Each structure stands twice: as structure tokens, then as C-alpha cells.
Amino acid sequence: MISLRHGRVSIALHPLREGAGPALLCLHAVGGSARDFREAAQLWSGPVFALDFSGHGDSGPLRGGGYFPENLAGDADAALARIGPALLVGAGIGAYVALLLAGGRPDAVPAALLLPGAGLEGGGPAPDPSVNTLARWADFGAPLPGCDPAVRRLERDVRPPEYAEAFARAAGRLLLAEGDFRQPAWWQAVRATPTATPVPGDLAGGLAHLATLTPD
Amino acid sequence: MSEPHYPGAVAPERSRFFASDGVRLRVDAWGDPSAAPVVLLHGAFDHGRGFDLLAPLLATRFHVLSLTSRGHGDSEWVDCYAWQNDVGDAVNLLRSLGRPAHLVGHSRGGGQATDAALWAPECVRRLVNIDGFGPPPEGFAPPGVPVDPRPPPPRFRDYLDRRRRAGERAWRPYPSLEDLVERRREQNPRLSREWLRYFLHHGAREIEGGWVWKTDPEFAGGFGPWRPEWIGPGWRGLRMPMLAMVGTEPDTWRLDEAVASERLAFVPELARAEVAGAGHFVHMERPRETADVLLAFLEP
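Order-wise, the sequence lines are chains G and F.
Heads up, the first sequence stops at 282 in our numbering, and the numbers go up one at a time, no gaps.
Heads up, the second sequence stops at 294 in our numbering, and the numbers go up one at a time, no gaps.
Worth flagging that the hints you see were computed from the coordinates, not collected in a lab.
Values in this document were obtained by computation on a predicted structure and should not be read as measured data.
Treat the hints with care, as some may be off.
[Claimed, not checked] Reference listing, derived: stretches of chain G covered by chain F, where coverage requires no fewer than 3 residues with Cβ under 8 angstroms from a Cβ of chain F: (1) 67 to 74; (2) 199 to 210.
[Claimed, not checked] Far from chain G, some chain F residues (derived; all Cβ distances over 12 angstroms): (3) H(-1); (4) P129; (5) A135; (6) R179; (7) K208; (8) M234; (9) E283.
[What the hints assert, rightly or not] Take a look, some chain G residues computed to stay more than 12 angstroms from chain F by CB distance: (10) E105; (11) G126; (12) G130; (13) R219; (14) D246; (15) G271.
The C-beta atom is built at its ideal place from N, Cα and C for all residues, glycine as well.
Throw the hints in and build the complete structure from the sequences for me.
Quick look at the structure:
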């Protein structure tokens, strides 16, 4: 395990496999950890790394409970700073974070595979003035095993489709899993951009497509 | 350096720390603890002692509590700053009082007070928002800081670059408190040097090599999909009377009246008050007049 720093927080990066070729960085869903991607090591020929986001796995919690996708993107960006350019695969909140990084650092992230999982939907496309949005954000319900209880706030942040679309348009290539899951408005907006391609909804199928995008 | 004095400024009678979401926050108090409570929320880059002029005037009738928000003054620093967390801290303080309180906020604290009143209406009797109706659609333009017209992705890249240096950053020490006073006056030229000397003495600390802000250098470096048009519509849900208070004088940090009225039109039970001769820092510039308006609006 490699211990990284993001601000004052210790972030765990797990090398899952060594190899030649493009590196793969795996980003888990809300409540998950690097362990969710053990299978990826058998499916990719290059080096494979998996991150524990803050509040998850072997990474430290965020003092004060301010969990937001943009801050988690900073966790993953600390990994990019260490390992260099990489392809991303993300599930749930990890998919949304992968989108932000692919759009924000297209030179470091030539392509990303977005998979469903916990934290994919967030808190909807805009605040709903008819509900107590803030109380809902704070009162996040049951803690997830092995996680800071406040990570469930990553299921409540607002995700406007036009915001996601701006990141999709700035990104290299995005592969979006197809399957039987509810696609939030941000996902549909990303799916409609020219940079996005639908792929089979499982990790193996998605990684097979991702491999075809990269020179050997 | 000995503590400066300022005419009318009264140090808190009691101070304590209060844990919210595991974060140690400073609460300063004035007045009879058995009197009806009033909670005060300060603005960004300020701290709870900015109410040293207003609080004693309200304390003639109320138990006044001033919360210093996370990352500011003597309150603890956190790893990620977000509006929602500050509002949650205010709600946690209100809930800890065991009885409903009046809630007063200035600038960012005014917006957060409004959101706290929406979040926990059972805790808030009456709400006062002092010039905290959000930034204009194009953002505030402080002197020397141009508005960034770029779309989110390149600005997010800058955010990521800042986060790569986060944790290493520290404020540059200013040789003396006087230098901090001059720096702050560039942002708030309406505030007198004498007051800023008092205010910043509590908002900065002396270290080897000079004076530094107490505010976390990582504060205000956030990023997210927030939009100005989200302000306002949610205020329809306010269940208590709200007093919207502004000064009459032009100020970089004062929201244009046309934009403010558009947002305030959503408030079901709205009162308005103007304080003559004040800019954005109404309670610091005209504490007596501010207190008179508040004492008339807030029921004992």
C-alpha cells in the first residue's frame, strides 16, 4: 500500500498489479474500497492501482464530515500525481469522480470507464425548494460498515446535468456502462455528448473496450 | 502585545467550546444565561468577536451567543469546507440551547442563518439577515480580483492544482498587526483602522516573524456546481418572520438592491430595514442603530 497525502488527510493507494502499458486507476463506489477491484488485476495488462477514497478503507476520514465529489477527486488526483497519466474506471461516486477528472485533467486521463454503483445518482439535478434539502443532506441515515458515517453525504450532493456535460465535453473518451440501472440526469447528459460511447455493463466488458482505446 | 480597546466593544462575559460533527467551535456569550437566546453568525473571513460592539447592546435584554465558524478565529480547522457544514453547525448550536432562539447572521452568516431557519424551523423564533442574500449572478468583484469567465473544467483543474499544494500552504506573516490592518482595509475601506486593530487582534495571531490570519488558508478554496439562481426559491419555506437589513452606503460586498428584492420576494413574512450611513458591515459601522432595529424586531 502507498500512503499519499491529500491536504491533511492520508489516502491509501493499493498497487494491484505491475505490468507494461497504460496504467489503470480504479475508483470505488460509496461504502466500497480498493478491494472491490481485485478482479481488475486479471483483466488489464498494464499496471493496476486501486484507491481508497477519504472516509473509506485504509484512508483517513475528513475532519468535519464535508464529503463532496470534488474533494474526492482531489484524493484521486493525488494518485495521478504519484503514478502519472492513467485510465480511470469508476463505480457509482467513483464514476462521477472519474468524469470530473477526465474533464479537468484530460492530458492525465485520456479515457475513463463509468460503471453504476452506490453514489451514482447524488441528490438530483437541482435543489428542490419544496423539500428540506439541507436536513436531508445532514441526516444521512445508517452508517456503512468500515466507513466514516458522513460518507453517505456523497449520495446527496446536487449534480446539474449541464455541469456534468461541461466535463464530458472537455474529456478525452468516456465509456458508459449500459445496463438495467436508473440513469440520473447527469449520466444522460454525459451519454449524449460526442465523447461518450456505450459499452457492456460489466467490468470485464468495459475494460476490454477501454483497452482498445489505448496504444500498446 | 496588550489587548487593544475600542469604544463600545465589550469582550464576551463567557466563552466555551462546543463540538459539532466532532469539530471544536468557539461560542462567546454576553448577558443573562436565563434570558431569551439570540444566536449571531459572522461572515466569511470574520470571526465571532466581530460582534463585540452589537452583542453587549442586545445583552440588555437577551442571552447573546456568537458562534465562530469552522476554520475561522479560534474554532478548529477541517479538511473540506462547505456551506452545508456551517449551516449544520448553526443548527447543532441552536438544538443544544433547549429552547427556540432568535437567529441573526451577517453576510455569509446571514445566508447560513436563513438556511438554518429552513433546516430547523422549530429552533428559530425570528430571523435577521444582514446583507447576506448571496452574491450577484456574476459574482462579487473585490478590488483587483477579476471574475473568472471560464467554464467549470479549467477552473476545476486550478482547484486540483491548489489541492495538490493543500496542507503545505500557510499565510505569509505580516511584519506587524498594522500591516494586517492595512491589508484588510483594501478589502473593507469603510472600516476604521481603530476598529480593525481591535477586530484583527482577535482574528490573527502573533508568531515568530510577524502576524498571520487565524483563518485556515484552505478556507474558501472549494469547488462545486452551485448556481446563484438557486438562492431565493427555497426561502418560500421560511416559517418565521425575517428581517432583511442593509446599509444605505455603496459597498463592494453589498448586493445590488434589484437582485436582493428579487430573491427576498420569495420570503413569506418579510420586514426590511435600512441603516443610514452604513455599508456592508452594518453592525460594525453602526452598532447602536443596528441594535435599535433588532431590539424592536426581536420579541423578548
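Against the structure, the hints:
Restraint check on the stretch 67 to 74 of chain G versus chain F: 4 residues with Cβ-Cβ distances below 8 angstroms, three needed, restraint holds. Judged by the Cβ-Cβ criterion of 8 angstroms, the stretch 199 to 210 of chain G is covered by chain F as claimed, because 5 of its residues qualify and three suffice. No Cβ of chain G comes within 12 angstroms of the Cβ of F:H(-1); the nearest lies about 35 angstroms off, and the non-interface call holds. For F:P129, the non-interface assignment is confirmed: its Cβ lies about 16 angstroms from the closest Cβ of chain G, beyond the 12 angstroms cut-off.
Residue placement check: F:A135 keeps its beta carbon more than 12 angstroms from all beta carbons of chain G (closest about 23 angstroms). For F:R179, the condition that its CB be more than 12 angstroms from all CB atoms of chain G holds, with the nearest at approximately 31 angstroms. For F:K208, the condition that its CB be more than 12 angstroms from all CB atoms of chain G holds, with the nearest at approximately 17 angstroms. For F:M234, the condition that its CB be more than 12 angstroms from all CB atoms of chain G holds, with the nearest at approximately 15 angstroms.
Every beta carbon of chain G lies more than 12 angstroms from that of F:E283, the smallest distance being close to 32 angstroms; the non-interface claim holds. Residue-level check passed: G:E105 sits 29 angstroms from the nearest beta carbon of chain F, beyond 12 angstroms. Non-interface call for G:G126 relative to chain F: violated, since the shortest CB-CB distance, roughly 9 angstroms, does not exceed 12 angstroms. Separation of G:G130 from chain F is inadequate, the least Cβ-Cβ distance of about 3 angstroms not exceeding the 12 angstroms criterion.
The Cβ of G:R219 sits about 8 angstroms from the closest Cβ of chain F, inside the 12 angstroms cut-off, so the non-interface label is violated. No Cβ of chain F comes within 12 angstroms of the Cβ of G:D246; the nearest lies about 28 angstroms off, and the non-interface call holds. The Cβ of G:G271 lies farther than 12 angstroms from every Cβ of chain F, with a closest approach of about 28 angstroms, so its non-interface assignment holds.
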